[in-house]
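Enquirer: Spelled out, the chains give:
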Amino acid sequence: MKLGVDPVACRGNGSCADLLAELIDLDEWGYPLLSPDDVPAHLVREAKGAVSACPALALKLRR
Amino acid sequence: MTTSTGVRKLPERPLDLDGHLRTYGPPAFPSSTAALTAELAAAGVVGRGGGGFPAARKIGAVGRARTVVANGCESEPFSRKDRVLLERSPHLVLDGLLVLARTLGAEPVLCAREHVPEAARRAAGERGVRVVVVPGGYVSSEESALANFLRTGVALPTAKPPRPTDLGVLVHNVETLADVALVVRLGAERYREQATRLATVTGDVARPGVVETRASATVGDLLDLAGPTAPLGAVLAGGYGGRWVRPDEPLRGSGVLAALRADRCGLCETTRVLRWLASQSARQCGPCRFGLPAIAEDFATGAWDRLRTRLPVVTGRGACAHPDGAVRLAASALELFPHRTSTHPVHCGGSR
Amino acid sequence: MTQALWFASRGTGLVSMLLFTAVVVLGVLTRGGAASRRWPRFAVAGLHRYVSLLALGFLVVHIATATIDDYAGIRWVDAVVPFGSAYRPVALGLGAVAFDLLLAVILTSLVRARMSYRAWRAVHWLGYAFWPVALVHGLLVGDLDLVYVVVLDGVCLLAVAAAVAWRVDLRQKEEVAA
Chain S
4 MKLGVDPVAC
14 RGNGSCADLL
24 AELIDLDEWG
34 YPLLSPDDVP
44 AHLVREAKGA
54 VSACPALALK
64 LRR
Chain V
11 MTTSTGVRKL
21 PERPLDLDGH
31 LRTYGPPAFP
41 SSTAALTAEL
51 AAAGVVGRGG
61 GGFPAARKIG
71 AVGRARTVVA
81 NGCESEPFSR
91 KDRVLLERSP
101 HLVLDGLLVL
111 ARTLGAEPVL
121 CAREHVPEAA
131 RRAAGERGVR
141 VVVVPGGYVS
151 SEESALANFL
161 RTGVALPTAK
171 PPRPTDLGVL
181 VHNVETLADV
191 ALVVRLGAER
201 YREQATRLAT
211 VTGDVARPGV
221 VETRASATVG
231 DLLDLAGPTA
241 PLGAVLAGGY
251 GGRWVRPDEP
261 LRGSGVLAAL
271 RADRCGLCET
281 TRVLRWLASQ
291 SARQCGPCRF
301 GLPAIAEDFA
311 TGAWDRLRTR
321 LPVVTGRGAC
331 AHPDGAVRLA
341 ASALELFPHR
351 TSTHPVHCGG
361 SR
Chain H
106 MTQALWFASR
116 GTGLVSMLLF
126 TAVVVLGVLT
136 RGGAASRRWP
146 RFAVAGLHRY
156 VSLLALGFLV
166 VHIATATIDD
176 YAGIRWVDAV
186 VPFGSAYRPV
196 ALGLGAVAFD
206 LLLAVILTSL
216 VRARMSYRAW
226 RAVHWLGYAF
236 WPVALVHGLL
246 VGDLDLVYVV
256 VLDGVCLLAV
266 AAAVAWRVDL
276 RQKEEVAA
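Residue numbers (this note's numbering), protein chains in the order written: chain S, 4 to 66; chain V, 11 to 362; chain H, 106 to 283.
Wrong hints could be hidden among the right ones.
To be verified - Facing chain S, from chain H, some residues (calculated, C-beta under 8 Å):
hint, residue
1, THR135
2, ARG136
3, GLY138
4, TRP144
5, PRO145
6, ARG146
7, ALA218
8, TYR222
9, ALA224
What the hints assert, rightly or not - Simulated crosslink set (DSSO-like; lysine-lysine; CA at most 30 Å straight-line):
hint, chain 1, residue 1, chain 2, residue 2
10, S, LYS63, V, LYS170
11, V, LYS170, S, LYS5
12, S, LYS51, V, LYS170
13, S, LYS5, S, LYS63
Derived by calculation from the structure, the hints in this document are not laboratory data.
The model shown is predicted, which means the values in this text are computed figures rather than measured ones.
From the three backbone atoms N, C-alpha and C, an ideal C-beta is built for every residue, glycine too.
Full structure from sequences and hints, please.
Expert: Quick look at the structure:
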């Protein structure tokens with residue numbers, strides 16, 4: 004599974020980076036920099052949490 | 011209309027429907043989508059709107075086709091080839107459009123700006139093709155923005171997936187469609203022998219304008235045709251979202267060339283273009299909306315180190331390729347122009 | 106027994122009002138991206154959700170105690186169908202309207218991931234309608250005769266107004282930048 008973001012929906016809220024600091028960083032303007040690798044198994048639950056926490060529903064988890 | 015170099019897309023004088031039929035003969039319609047894509051693939055037809063994507067592959071990717079769009083918007087400020095083509099040979103473009111529309115069973119549409127040539131409007135009327143005037147700026151003629159406009163009335167790019175082809179909308183540059191029209195008449199082999207391309211040459215040249223040359227022509231060939239007014243330092247290839255190249259580079263296949271004299275500051279030109287590109291952002295995606303003005307200001311103030319760390323962060327993170335073009339331009343400027351040793355921005359007056 | 110239920114209903118109604126005011130303020134803060142070192146954005150968002158469920162709990166008790174009590178003859182159906190009650194139809198009707206709006210907001214939020222974001226947002230905006238209706242319901246039902254209720258409602262009003270003003274100002278600043 005890989006992380007993805009809808010760039011139009013994303014508002015730079017940053018909740019995702021707080022919840023999944025291992026895989027998500029923020030650029031200087033507050034927008035997410037996602038790790039391009041597959042989400043490791045032990046972080047899948049956190050990743051799903053980050054997806055549902057995004058207020059804009061912009062963060063996605065894709066196969 | 012054959013010359014020693016073959017069948018041309020751009021006639022000397024504008025052609026009306028009769029003139030068009032006399033010159034090119036009647037249009038030919040392929041037997042199936044498969045036949046059409048096979049012919050186009052063999053002919054090596056690629057998109058002439060800047061993307062260069064193989065036309066056959068794009069057509070093959072369309073699911074259930076609803077609309078075929080001839081993109082005549084030509085938002086690139088330096089480019090003139092599309093409007094000249096629509097002025098002089100609109101029927102050739104419409105042939106290609108109607109071939110695709112009929113083969114795929116979709117509605118043909120010509121998208122253009124307010125100043126669409128009258129000849130093109132008339133020709134579209136004669137052939138039963140709807141003309142849609144597209145509002146907005148630079149990014150509104152990107153293919154997903156066009157598809158979005160036709161669907162919702164909002165001329166802004168959308169996030170992919172889904173691509174326009176996934177939604178049944180096939181967008182092609184008008185010159186690409188002219189190529190399609192020629193391929194179905196001549197067949198792939200004959201087309202390849204004499205394939206031409208249109209290019210706009212502008213900037214510090216004596217004869218700026220649109221030329222039709224062999225597809226294999228290089229930057230140097232085109233500059234020779236246009237005649238530089240002074241020794242050139244660099245050429246901007248591919249328009250505002252393109253890249254700087256040396257005048258003697260054997261680069262093929264750019265539809266827009268802007269020549270820059272050696273005694274003019276390439277960094278200032280780049281700053282001007284970057285500022286304009288920043289103003290044209292759709293402002294939908296953070297990295298573009300905030301990143302483009304930031305790198306433009308870095309160029310204006312000569313903040314080269316910060317710029318180097320910013321460029322990789324701004325590219326590839328938007329819904330469309332607009333920020334990617336700006337980054338490509340900026341990176342090529344850093345590569346070509348001696349920024350650390352030049353006196354820019356001091357001598358250029360810094361921010362203009 | 107009736108007295109106790111009546112007081113319980115009033116008490117839980119007041120607490121619900123305070124909690125829902127906090128919910129609205131937290132919602133505005135979430136939308137505006139407010140955060141501190143101790144309370145990162147996802148925590149503000151999470152607090153907004155948890156407090157709304159807590160407030161809903163108090164609200165359910167408020168409605169239950171009001172309907173169980175036979176004294177005023179309020180039926181369960183009066184909690185969702187407005188203006189049909191025998192006792193003070195307007196005041197109670199507003200409570201029912203508020204509750205209906207709240208149910209729409211809460212139910213859509215529970216299935217947020219399964220619906221279009223735009224639709225969810227449109228319904229969520231009803232929260233801005235729910236809150237003032239609830240406030241007026243509280244004032245009308247109490248006849249404005251309890252000073253502390255009016256004062257508390259005034260504080261709630263100030264809190265929401267401040268939050269909205271902060272958000273509008275932030276929005277204007279965002280438009281100017283870049």
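Enquirer: Hint by hint, where does the structure go against what was stated? Just the numbers, ascending.
Expert: Numbers 4, 9, in rising order.
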